[in-house]
Structure formats: structure tokens, C-alpha cells
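Chains as they are written, first to last, in this note's numbering: chain C, 52 to 415; chain Z, 52 to 415; chain U, 52 to 415; chain D, 52 to 415.
Any given hint could be a false lead.
Put simply, identical chains are the same to the list, so a pair is met inside one copy or across any two.
Cross-link-like lysine-lysine pairs, in silico, DSSO-like; alpha carbons within 27 Å at most [to be verified]: (1) Lys358 with Lys369; (2) Lys124 with Lys239; (3) Lys369 with Lys325; (4) Lys124 with Lys198; (5) Lys367 with Lys325; (6) Lys358 with Lys372; (7) Lys325 with Lys376; (8) Lys325 with Lys372; (9) Lys358 with Lys325.
Keep in mind the hints are simulated off the structure, nothing from the lab.
Protein chains: 4
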Amino acid sequence: MKNTFGNSISLTLFGESHGEYIGAVLDGLAPGIEIDEDFIRSQLDLRRPAGKISTARREADDLRIVSGAFEGKTTGTPLTVLIPNTAQHSKDYSATRALARPGHADYTAYAKYHGFEDYRGGGHFSGRVTAALVAAGAILISALRNKGIYIGSHIKSCAGIRDRGFMDLSEDIERLNDLSFAVLDDAKGADMRAAIEAAAAEGDSVGGVLETAVIGMPAGVGEPWFDTAEGVISHALFSVPAVKGVQFGPAFEMVDGRGSDYNDSFYISDNEIKTVTNNNAGINGGITNGMPIVFSTAVKPTPSIFKEQATVDFMKGKDAKLSLKGRHDPAIIHRARVVVDSVTALAIADLLALRYGTDWLASL
Amino acid sequence: MKNTFGNSISLTLFGESHGEYIGAVLDGLAPGIEIDEDFIRSQLDLRRPAGKISTARREADDLRIVSGAFEGKTTGTPLTVLIPNTAQHSKDYSATRALARPGHADYTAYAKYHGFEDYRGGGHFSGRVTAALVAAGAILISALRNKGIYIGSHIKSCAGIRDRGFMDLSEDIERLNDLSFAVLDDAKGADMRAAIEAAAAEGDSVGGVLETAVIGMPAGVGEPWFDTAEGVISHALFSVPAVKGVQFGPAFEMVDGRGSDYNDSFYISDNEIKTVTNNNAGINGGITNGMPIVFSTAVKPTPSIFKEQATVDFMKGKDAKLSLKGRHDPAIIHRARVVVDSVTALAIADLLALRYGTDWLASL
Amino acid sequence: MKNTFGNSISLTLFGESHGEYIGAVLDGLAPGIEIDEDFIRSQLDLRRPAGKISTARREADDLRIVSGAFEGKTTGTPLTVLIPNTAQHSKDYSATRALARPGHADYTAYAKYHGFEDYRGGGHFSGRVTAALVAAGAILISALRNKGIYIGSHIKSCAGIRDRGFMDLSEDIERLNDLSFAVLDDAKGADMRAAIEAAAAEGDSVGGVLETAVIGMPAGVGEPWFDTAEGVISHALFSVPAVKGVQFGPAFEMVDGRGSDYNDSFYISDNEIKTVTNNNAGINGGITNGMPIVFSTAVKPTPSIFKEQATVDFMKGKDAKLSLKGRHDPAIIHRARVVVDSVTALAIADLLALRYGTDWLASL
Amino acid sequence: MKNTFGNSISLTLFGESHGEYIGAVLDGLAPGIEIDEDFIRSQLDLRRPAGKISTARREADDLRIVSGAFEGKTTGTPLTVLIPNTAQHSKDYSATRALARPGHADYTAYAKYHGFEDYRGGGHFSGRVTAALVAAGAILISALRNKGIYIGSHIKSCAGIRDRGFMDLSEDIERLNDLSFAVLDDAKGADMRAAIEAAAAEGDSVGGVLETAVIGMPAGVGEPWFDTAEGVISHALFSVPAVKGVQFGPAFEMVDGRGSDYNDSFYISDNEIKTVTNNNAGINGGITNGMPIVFSTAVKPTPSIFKEQATVDFMKGKDAKLSLKGRHDPAIIHRARVVVDSVTALAIADLLALRYGTDWLASL
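Work out the full structure: start from the sequences and follow the hints.
Structure representation (C-alpha cells):
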């Protein structure tokens with residue numbers, strides 16, 4: 052349903068880059084979930100641009116939870132997060148508003164909203180809106196941890212440089228969650244940053260792949276048709292700006308192999324059913340099997356580049372040239388990470404709530 | 052909502068491999084859509100196993116539309132398709148029911164349904180259920196064609212063999228829709244079939260990638276957050292059995308490049324706004340831009356193989372060995388194609404109906 | 052979402068009076084619910100016309116459960132009920148199709164479906180469709196009983212004759228569920244039947260009020276806004292043909308009194324919180340308080356009467372006269388009773404599943 | 052879905068009486084709808100307590116639209132209304148928090164939220180939350196007017212005193228919309244006010260019935276099953292605090308009559324199909340027939356009274372006495388009126404959008 056995601060637990064996003072607030076309403080939360088504002092802020096910090104490899108726009112992200120919380124815990128009623136917009140540039144957007152930035156939503160917003168859209172700074176399409184998503188997601192991430200479910204993502208590749216793969220998932224996730232540039236191999240991370248800076252120096256941008264793992268999921272969650280675990284998670288992931296692909300396990304690699312190469316054999320370990328390999332990424336037939344859920348998200352190179360580009364003036368219906376100015380990210384993959392973790396938390400919390408009821412998330 | 056997909060136009064799937072019927076209810080259809088039963092049957096034929104490269108189970112797919120149609124047209128009320136199951140083997144499944152087939156949903160069904168599932172022939176997880184999906188999808192595919200929207204898929208790769216890419220989309224789609232083994236390059240198709248037969252001869256299986264194009268979509272359809280065109284389409288695609296990955300345009304390739312390589316420049320052609328390239332696959336910011344929607348779907352190698360596999364007896368909680376017998380597909384990619392087209396039709400019809408209303412699909 | 056009701060547990064209805072089948076798909080059911088086909092049939096018998104006070108059309112209601120059941124229990128996958136239509140008259144409806152029966156949906160169907168509707172015998176608007184609803188509802192009613200939740204309705208009034216009110220709810224409900232003409236006071240029931248026959252003799256029809264009680268509901272179910280217990284139940288009730296009003300407790304009587312007359316005082320009884328009176332009908336602020344849910348449903352006089360009526364030919368756009376012939380009910384209130392029980396079961400099962408999860412309904 | 056209503060157009064409500072803000076997110080709005088802040092404020096004024104017959108709590112209702120609007124018009128993205136809470140009394144609620152006010156949600160909130168609810172001033176159950184609903188509803192009411200659809204309600208009865216019925220709907224609606232105490236007969240209104248003051252003087256409260264008319268609805272809107280026009284409207288109405296009953300037309304009166312008394316004959320007038328009477332309240336078979344939609348809403352006597360009442364301390368599990376102090380409404384029916392209009396606008400806008408698409412509301 053449009054800007055709302057989820058059935059039993061649902062998130063509604065609102066706000067424009069140059070409006071008074073961006074925000075989110077999280078409904079269906081169990082009462083009694085501890086709200087760790089420090090953790091929310093630390094998640095917002097991970098999303099916030101920082102250093103040379105990010106946009107110069109800096110927001111304080113002054114978070115306010117204005118409903119659904121009481122004495123530090125969720126009440127069970129809709130929880131609303133507001134984040135004021137404070138660092139808007141007062142420049143005049145109207146001069147360039149009809150120059151569609153290639154790879155951006157300027158033209159599609161115009162096609163959809165007939166010119167009534169708030170075009171300043173990307174409007175409702177601005178990555179800024181993800182700050183509200185991250186704040187709401189942080190509450191779910193904490194709650195899921197209390198239930199033994201942990202989510203972590205690393206930059207699997209950026210500008211063609213590959214991080215090492217996951218090894219000990221529990222340790223890797225714990226480590227990643229403290230990093231502002233989430234790589235498992237520090238040396239590769241340094242290479243990636245250098246590549247981002249090099250692209251930035253040329254007025255260009257880079258993309259990459261995020262790999263995410265979810266551990267601790269019980270078996271038996273998801274539906275055989277339509278609300279498959281993969282379908283629900285991917286639906287959420289494609290809301291993360293610049294995401295254009297999602298694969299579970301090594302999907303686009305498995306396609307060239309045989310069943311005997313990729314079937315995950317089951318075995319018993321300590322009275323639990325496990326699989327030797329995890330090519331199916333913790334999901335069989337759309338339903339979790341208790342193994343880690345592992346997926347990769349393709350983040351295209353940031354479309355905002357400084358090089359001159361051919362485009363159109365969509366109001367005049369004429370070809371045009373565009374040279375972007377201002378503040379832009381040469382890469383967003385390191386910032387997108389925490390957004391991916393947030394929507395993942397939302398998707399799996401909703402799947403869990405359908406089966407176990409909304410109270411489950413706060414139960415002991 | 053579980054086994055239902057879609058808001059304005061919705062499809063509910065039901066049935067088990069060994070039940071009396073599998074079926075689908077399609078609701079939200081505009082009244083007055085012509086029902087071309089020949090076309091439905093031809094779509095079912097494309098899905099039905101045939102020849103050496105498919106399972107030996109053959110169903111007549113004796114289609115019955117038992118509601119929502121009158122005098123050859125949709126009435127606007129829920130349209131129900133029933134397909135009787137007739138070719139079930141009467142073998143005793145109970146002996147092997149607790150031996151989880153690796154890569155299959157036997158164990159996850161047990162975890163979800165506590166042992167009450169109909170385990171015969173894969174039950175509700177059987178690929179057989181897709182016959183109902185294809186029948187319902189055929190009605191949407193025809194209706195979309197009448198609105199100038201065409202969908203087509205080819206086997207982009209199978210067993211490591213690559214088909215040529217799309218060239219003239221309009222021609223390619225038209226041609227593909229008549230092929231039972233949908234490749235653009237016949238020689239590559241012959242190689243793929245040979246590779247499938249070779250795998251079959253070894254009791255093994257292969258996978259592949261389907262590439263789908265949708266032409267004629269108006270600009271301005273989809274939502275910025277959550278119900279992005281990508282999110283809605285991918286949600287539907289992951290219901291196609293064995294699909295483990297989805298990418299729009301060359302997503303997993305773009306990640307290694309730069310913004311300047313992949314941004315799609317706009318230009319004016321005959322007073323229409325187009326893009327020079329189409330790396331964004333017809334979608335910017337979650338919303339269609341009028342260019343073709345193009346995506347690839349990774350289909351893992353069929354998990355049913357005849358080689359002996361290690362597994363568990365999930366009721367006894369013991370390790371076990373499994374040697375499958377019976378009828379199994381060494382590849383399903385050629386059959387999955389029409390299922391992908393069907394869910395694509397469902398996803399885009401729903402997106403269109405949200406914006407234009409449910410009557411639109413039958414309007415002139 | 053149109054012909055589907057419910058979120059966690061959902062029911063989709065389909066079928067036309069003169070189609071091959073009417074049916075229902077019930078999704079979100081817990082696995083392991085016993086399916087008591089005898090009980091389903093007995094519920095269908097209660098809905099089926101019988102005797103002088105009902106239509107002469109008689110259907111065998113040959114029920115088939117074609118999915119979602121295995122070895123006498125629900126599997127947890129969508130359960131589909133089919134009921135074949137067998138007693139259609141083969142008369143030619145086309146001559147009178149454009150003569151809108153006053154009080155019926157003929158004209159509104161035409162306005163909505165542009166003339167493509169199956170107009171024979173009321174099509175999708177036929178009360179016949181409720182047979183599928185009753186069959187599906189019966190499964191929920193049984194399951195709720197196993198959880199200690201009982202639903203029962205009586206004909207509170209018919210043709211101006213009042214039944215006695217509920218006294219011992221538990222006893223009254225048990226007794227009502229076996230009656231084909233559900234009154235608590237047999238003498239009043241005899242009067243009502245006589246009044247129905249009198250109206251029938253004049254080619255006319257009568258209406259009435261059903262009063263329903265639900266006992267055993269836990270406190271804490273329902274939502275403060277929108278998905279209030281009252282809102283969800285009433286939404287479902289207005290699908291019962293001829294229902295035009297719903298009140299919880301003595302709502303339309305309370306309006307003339309004062310707060311001090313109708314506030315329900317709380318007290319403790321055996322460590323449980325109860326109310327002395329139950330004017331709020333078991334619901335405060337949209338949420339159940341553990342007391343019985345009690346509501347009344349106004350069923351208008353059946354619109355199909357034999358007296359000549361003024362109407363229009365909506366295809367010619369001309370005034371016309373209509374004299375109905377054929378089989379029609381002079382009253383449907385006694386038959387509507389079991390339909391009301393069925394939609395009530397659906398509404399409360401869905402509310403319960405949201406809070407407690409879908410598995411709850413079959414848990415011990 | 053809990054605190055969200057609507058499919059194509061949806062409203063999410065949030066906030067607690069003593070939180071920082073109450074608010075609403077309205078999604079699915081067409082772009083380009085004029086936002087008349089004066090009208091929104093005048094609607095808020097109608098809801099706001101005033102004079103002797105309302106609570107002494109006065110809020111400035113300082114409205115802020117923080118997203119979804121640009122240059123005075125809707126953008127088509129989620130529109131968020133915030134209203135700050137400013138007039139909270141700083142009294143200590145904790146002493147009496149466990150004393151369940153009879154007729155209120157204190158105990159059910161506790162049962163649902165396990166004691167984590169914000170109990171101050173009714174929390175999320177406070178009638179205050181309806182201010183946000185009214186603000187959002189005002190935008191829909193204006194937009195519907197531009198499409199020729201008008202909504203108006205009057206106090207049909209209060210404290211047993213009856214207003215005159217609707218006569219010229221168009222004139223009556225126009226007149227009502229300017230009145231703060233919405234009666235058609237001023238003398239009856241004076242009697243009602245006197246009755247409210249009399250009840251207030253005794254520390255007691257009164258209830259009443261609101262009658263609402265919607266004119267200008269096109270024929271053909273609504274669904275035959277479940278999403279009937281009546282079902283959708285009633286679902287929304289039961290969110291209005293103190294509403295316990297809804298009837299369309301004279302439903303609870305028709306039940307005692309015959310079909311020949313209440314069937315609405317059709318006739319042609321100026322090439323339009325109309326009905327002579329309108330007992331079916333503009334709806335046949337769940338679908339609008341183009342006649343005015345007319346319904347009555349039963350508002351129970353306000354539960355907050357000053358007379359001593361028996362109750363329980365639900366945390367100690369003990370019987371107790373309660374004497375309310377502070378600010379309370381002796382009647383809310385005059386304030387509920389604009390809330391009823393608002394939810395009515397929401398329900399019918401959503402029904403219209405499903406059929407005609409979301410853009411329709413702003414189209415010319």
C-alpha cells in the first residue's frame with residue numbers, strides 16, 4: 052500500500068527533503084520494547100554522511116519520538132519518529148527543476164505527480180527520507196536482538212574491489228555493526244575508500260554490493276506463495292535508493308551449476324536440523340529453514356555526478372545539458388548499509404508477527 | 052497477505068499436488084475483458100512438461116473457469132480458474148515423507164505446518180500450482196496487450212550457455228511468445244537442450260537465467276517508497292519456484308562501474324522523452340519512465356536430482372540417505388518462463404490499477 | 052480488498068448463482084484444525100431454504116473441500132470449498148434483465164459492471180453465495196469452540212414480533228445452534244412463522260433483527276482506531292444480504308439515556324474483572340474487555356415480492372412495471388442467522404490471529 | 052491494518068493525549084488538491100470544545116502540515132498533519148491510573164498493552180486524537196466538494212429530543228456545515244443544549260444520534276461482498292469515540308415493516324435513474340445507486356461523569372470507588388459530528404479511488 056510496508060507490523064514513511072520534518076510511523080509494535088535512543092542515534096550516525104567520501108550536507112538528525120513511547124518503552128500504539136530538516140540550502144531550485152538528472156526520479160516524479168511535486172532537493176525521493184526509516188528500523192533491530200535474531204551487512208564489493216566473505220557470522224555481524232565503513236577486511240576497505248575518492252576527484256561516482264546476513268531466525272516463517280521470505284524481503288529492499296538487484300545466496304552464480312553442486316544437504320547437529328552448505332540462504336520454498344538468511348543487494352553507482360550530461364527539459368520538451376553543482380555523494384553504499392539492515396528488520400519482524408502474533412516481539 | 056498478491060487487482064492461489072483441484076481467484080478485474088480460452092490453453096501448454104527435458108508427469112490441464120466470466124468476457128466479479136489434478140501417482144508417500152529433499156520445502160513445510168501438511172508430491176509447494184497462476188496470468192497478459200503493453204521472456208542463459216541479448220524488443224517479444232523453448236538464438240537453444248539432456252543422463256539438473264522485457268508501460272507508475280515498481284515486481288517473482296535472484300537492468304554488472312558509465316541520458320524523440328541507454332530498466336526512483344522494463348531472474352538448478360544425497364529424517368531427528376525416484380525435471384527454466392510472464396502481468400496490472408482505477412484495463 | 056475479508060485470516064468469496072460453482076478460499080488457517088464435515092453440512096442445512104417460509108429453490112449443497120485439508124484436518128494452506136450449482140432454472144433471464152428489481156442490485160450491478168455482469172438469478176449478488184461463506188465459517192466456528200469461544204444468534208424480532216432476550220448465554224447459545232428457526236421463546240417463533248406465511252400469502256415479505264452473542268473472548272483484542280472490534284465486525288456483517296444496520300448492545304436505546312444509566316461498573320469476581328451490566332457489549336475503546344460481545348443486526352424485508360412494482364428498464368432508460376415470478380423468500384432472517392454467525396467467526400478469528408498469531412487457533 | 056484505514060487512499064493516526072503531537076498521515080492523495088488551511092481550521096474549530104456544554108480543556112490546535120504539500124497544494128506524496136498538545140494538565144495520573152473508568156478504555160488498554168500504555172489523559176484513546184483525523188478529513192472533504200460530492204450531518208436526536216429530518220439535502224448540508232451545534236431546527240437545538248446543561252449540572256452526561264447525508268455520489272461504487280459501501284463506511288464510523296451503532300436509512304424501523312412498504316421504486320427523471328423513496332440509503336447490494344447515502348450513528352452518553360461509580364483497581368485486582376474530577380464533556384455529539392463527516396469522507400474517497408484511480412480526486 053504505497054508508502055506503507057508490512058501487515059502485522061507496518062511502517063509508513065513521509066517527508067520531503069525541504070519540508071519541515073521527515074518521519075515514520077511504526078505500527079503493530081508489541082508494548083514494552085525498550086527504546087534505546089543511543090542506539091537509534093548511533094544507527095543514524097552510520098547513515099549520516101561523513102568525511103570526504105560523502106556529501107557535504109550534514110544534518111544534526113535531531114530525533115524526536117512523539118508518540119507510541121512512554122517511560123522509555125513502546126506502548127503498543129503507533130510510534131512516530133520525527134526528524135527535522137535543518138540544513139537545506141536556500142538556493143533557487145526552480146531554475147533547474149525541469150532538467151531531469153539522469154538516473155534520478157525528477158522526470159518520473161513529474162510524470163506521476165503532474166508537476167505538483169516538491170522538487171527541491173529530490174523532494175520525497177531524497178535519500179534523506181531514509182533517516183526516518185533507519186530510526187524506526189533501529190527499534191526493530193534492538194527488539195529482534197533481544198529475541199536472538201541479529202542482522203549485519205558488509206560492503207561485499209565497491210568500485211570492483213571485493214571484501215572477504217562472511218566467516219564466523221556471529222562475530223562478523225557484531226564487528227560490522229560498529230563500523231562506519233562496513234568491511235570485513237580493513238585493507239580492502241582502504242582500497243575502496245581510495246577508489247571512491249578517485250571517482251569523486253573526477254566528478255564521478257561508484258556503486259557496489261552489500262551482503263547481509265540474518266542469524267537466529269526460527270524455521271517455519273514465510274509463506275509458500277507470494278509472501279515468501281524472499282519476496283517480502285526483496286520488496287522492502289528495493290525501497291533503498293539505488294538498489295537495482297537482490298539475490299539470495301549465490302543465486303546468479305548457481306544458475307551455471309548443477310543441482311548436485313548447490314543442493315544443501317541436511318544433517319543433525321545437537322538435535323537441530325542444519326544444512327552443510329547454505330546456498331539456499333536459509334529459505335526453502337519461501338519458508339525459513341533455521342539457517343542464516345544471506346542475501347546480496349546491488350547498489351548502482353550514485354547517479355549524481357558532476358560531469359556534464361545530456362538530458363531534457365521535461366517542461367519545455369527540449370533536449371538540454373546538465374552540469375550538477377552542490378553537494379553529492381560519490382558513493383552511497385557505505386551509508387546504504389544501515390538502511391538495508393533497517394528494511395530487513397522490518398520485513399522479518401512482519402513475517403514473524405504474522406506467525407507468532409504482534410506480542411511476540413517483546414515476549415521473554 | 053499470504054497466498055494472495057495484489058491490492059487493486061489480486062490473485063489468490065490454492066491447491067495441492069494431490070488434491071482434487073488447483074486453482075486461482077483473480078479479483079479486481081475490469082468487466083468486459085475478452086477471455087481467450089485458446090490463449091490460456093496455449094500458455095498452459097508452454098508451462099506443461101514436454102519432451103525429454105521435462106518430467107514424465109503429464110497433466111491434461113483441463114481448465115474450467117467457474118466464476119467471473121459470462122458470454123466469453125469477464126464480469127468484473129472474482130474470476131476463478133480450476134484445474135483438476137488427474138495424473139497423480141498413487142504411490143505411498145508416507146514411507147519417505149520425513150526424508151527432507153535437499154533444496155526442497157519438505158522440511159520447512161514440516162516446520163511451518165507441524166506435520167499437518169499434505170506432503171504428497173510437494174503438496175501446496177508443488178510447481179503444479181503454477182498452472183493456475185499461468186491460467187489467471189494469461190487473462191491479464193491478453194488484457195495488457197489490448198492496452199499496448201507486451202511482456203516477453205527468453206532464456207538468457209542455461210547451464211552456462213548464453214542466448215543473444217534482446218535487440219528489437221517488439222519483434223523479439225512477439226517471436227518468443229510462440230516458442231516452447233524460448234531462446235532468441237536457435238543454435239544456443241539447441242546447445243542448452245543438449246546440456247539439459249546431458250545433466251539428465253547423469254541424474255543431475257541445471258539452472259539458468261530468464262530475461263524479461265515489458266514494453267508499452269506508461270511513465271508515472273509505481274511508488275517512491277515500498278511499492279516501487281521494482282519492489283512489487285520482485286515480490287511477485289520470488290513466488291516462482293526456484294527463483295533466488297532478481298536484477299533490473301544489468302544491476303550486478305553496474306555495481307563495478309561508474310555513474311558516468313550507467314546513467315541513462317534523456318533525449319526527446321518525436322515529442323516523447325526517452326533515454327539513450329536503459330540501464331535503469333525503465334524505472335527511476337521506483338517509478339516507470341516509459342522505457343521498457345527489463346529484468347533478469349535467476350532460477351537455481353532444479354533441486355530434484357537422482358544422485359544419492361545426504362539428508363535427515365525430520366520426524367526421527369536422524370541423519371539419512373535419499374535416492375529420489377520417479378518423475379523429475381532436469382531443468383525448469385523453459386517452463387518457468389511463462390510463470391514469470393504471468394506474475395509480471397499481475398504485478399504491473401496491479402500497479403496500473405492503483406493509479407488508473409480498476410476499470411482502466413478494459414477501457415478503450 | 053474487494054471480495055476478500057481479513058488480514059491474518061482471510062476469506063475470498065467467488066461465484067454466481069448460475070455458474071458452475073460458488074466457493075470460498077480461507078487462508079491463514081492454523082494447521083491441524085479438525086474439519087467436521089457433518090457440522091459444516093448441518094450449518095449449510097440451517098442456511099438452506101426449507102418449508103413454506105422459504106424459497107422453493109432447493110440445492111443439495113454438495114460440498115467439496117478441494118484444497119487445504121488432509122486426513123480430516125486443515126493443512127495450514129489455503130482451504131477451498133466448492134459448492135456446485137445444480138438447481139438453476141433454465142428460464143430465459145434476458146427478457147427481464149434490464150428491469151431493475153426495487154431493493155435489489157440489478158441496477159447497481161449494471162452501473163458497476165457496464166452490462167457485463169452475469170445477471171441470471173442475481174449473479175454474484177445472489178444469496179446463494181453465502182452457502183460458501185457458511186461452509187468456510189463453520190470451520191472457524193468449530194475451531195473457536197475448541198478455544199472456548201462460542202457464537203450464537205436468535206431472531207430478536209421478526210414482522211414486529213419480539214423474542215425474549217438472552218438470559219443464560221451459554222445455555223441459550225447451545226440451544227440456538229440446533230434450531231432451524233432460532234428463537235428463544237417457541238411461542239414467539241410460532242407467531243413469527245405465521246406472520247411470514249401471512250405476508251407470503253399476500254405476495255409480500257417481512258424483515259427482522261438478529262441478536263448475536265459471542266462468549267469466551269479474551270480481553271485485549273481489537274485496536275483503538277479503525278480496526279476496532281466493532282468496526283471489523285460491522286464491516287463483515289454488512290456483507291450479509293439485506294443487512295442495513297448494526298448496533299452493539301442497546302446502542303440506539305442508550306442514546307436517549309444518561310451516562311449514569313449505561314456506564315458498566317466493573318467488579319471483581321473470582322479474581323476476574325467483570326462488569327455488572329454489559330451495555331458496552333464487551334467492547335471498550337474498540338477493544339474487548341472479556342465480557343460477552345453482543346450485537347443486533349437489522350435485516351430489511353426481503354426485496355423480492357410478488358406485488359407489482361414501478362421500476363425502470365435501465366437499458367432503454369424508460370419507466371416500467373415489474374411483476375416478479377418464480378421462487379422467492381418471504382423472509383430470510385431465519386436463514387441469515389447462520390450467515391451472521393459465520394462472518395462473526397471470521398471477524399473475530401482475524402482479530403485474534405493478529406494478536407496471538409495464526410497458529411493460535413489450533414493450539415492447545 | 053490497525054491504526055491505518057483505507058487501501059487506495061489511506062489514513063494513519065498516531066499520538067497520545069499527553070504526547071508531544073498527535074497527527075495523521077494521509078497517503079494516496081492525488082497531486083494538485085488545493086489545501087485550504089482556513090477550512091481545515093474551521094473544521095477543527097467545530098470539533099474543539101466550546102461553551103458550557105463541553106470540557107474546559109481548550110487546545111489551540113496549532114496545525115502544521117509537514118509533508119505532502121507544496122505551494123498550497125497536495126504533492127501526491129504522504130501528507131502529514133501534526134497538532135501539538137499544549138494544554139495538558141500536569142497532574143499526577145499515576146495515583147488513579149489503575150481505577151478503570153466505567154465505559155472507558157482504561158482497563159482494555161491495560162489488557163492489551165500489559166501496562167505499558169501511556170495512561171495520562173486517555174493516552175492513544177483520547178478523543179483528542181480525532182483532531183488529527185478532522186484535519187486530514189478536511190482535505191478530503193474539500194476535494195470531494197470539487198467533484199460535486201457533499202457531506203453533512205445533523206444531530207438527529209440528543210437527550211431524547213428529536214431534530215427535524217432532512218428536507219432539501221443540498222440546502223440542509225450547506226447550512227449545517229457552518230453551525231457549531233448542527234441542528235436543522237433551532238428550537239430543538241436550544242432544547243438539546245438545555246438538556247445537556249441540565250445533565251452537566253447533575254454531574255451526568257447525555258448521548259444522541261447523528262444523521263449524515265452524502266450527495267453527488269456516482270452510481271456503481273462499492274463491492275458486492277465485504278467491501279460493500281455500508282461495510283466500509285461503518286468500519287470507519289466505529290472509530291469515532293462513543294459510536295456504538297450504525298444504520299443505513301431507517302434500518303431498525305424497516306425491520307418491522309414489509310417489502311412493499313420499503314422497496315424503493317425506480318423511475319426516470321431527466322434521463323437519470325432515481326428512486327422514489329430512499330429507504331436503501333443510496334446503496335443496493337453494497338453498491339451505490341446514485342441516490343444520497345444516508346445513515347445514522349448512535350453516540351452513547353459520554354462515559355466520563357462526576358457521579359461516584361463502582362469500579363476496580365485493575366492492578367491490585369480489588370473493587371474500588373471512583374469519583375472523577377477535572378475536565379469532561381457532558382455531551383460529545385455536537386463535537387463528534389465533524390469527526391463523522393471526516394471518516395465518511397475517508398471511506399468514500401477510498402471507495403472512489405479503487406474504481407477511478409487515485410488521480411481522479413483532483414481531476415477536472
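Hint check results:
1. For the identical chains of this complex, Lys358 and Lys369 are intra-copy neighbours only, at 20 Å inside a copy versus 62 Å across copies, given an alpha-carbon limit of 27 Å.
2. Taking CA atoms no more than 27 Å apart as the test, Lys124 paired with Lys239 passes in neither setting, with 40 Å inside one copy and 49 Å between copies.
3. Only between protomers do Lys369 and Lys325 lie at most 27 Å apart by alpha-carbon distance; the minimum there is 11 Å, versus 60 Å within a single protomer.
4. In this assembly of identical chains, Lys124 and Lys198 lie within 27 Å of each other by CA distance solely inside one copy; the values are 16 Å within and 32 Å between copies.
5. Taking the shortest alpha-carbon separations for Lys367 and Lys325, only the inter-copy value of 14 Å comes in at or below 27 Å, while the best intra-copy value is 61 Å.
6. Taking CA atoms no more than 27 Å apart as the test, Lys358 paired with Lys372 passes inside one copy only; the shortest distance there is 10 Å, against 60 Å between copies.
7. In this homomeric assembly, Lys325 and Lys376 come within 27 Å of each other (Cα to Cα) only across copies, at 24 Å, whereas the closest approach inside a single copy is 53 Å.
8. In this homomeric assembly, Lys325 and Lys372 come within 27 Å of each other (Cα to Cα) only across copies, at 15 Å, whereas the closest approach inside a single copy is 57 Å.
9. Taking the shortest alpha-carbon separations for Lys358 and Lys325, only the inter-copy value of 20 Å comes in at or below 27 Å, while the best intra-copy value is 51 Å.
Taken one by one, the earlier hints fail for this structure only at number 2.
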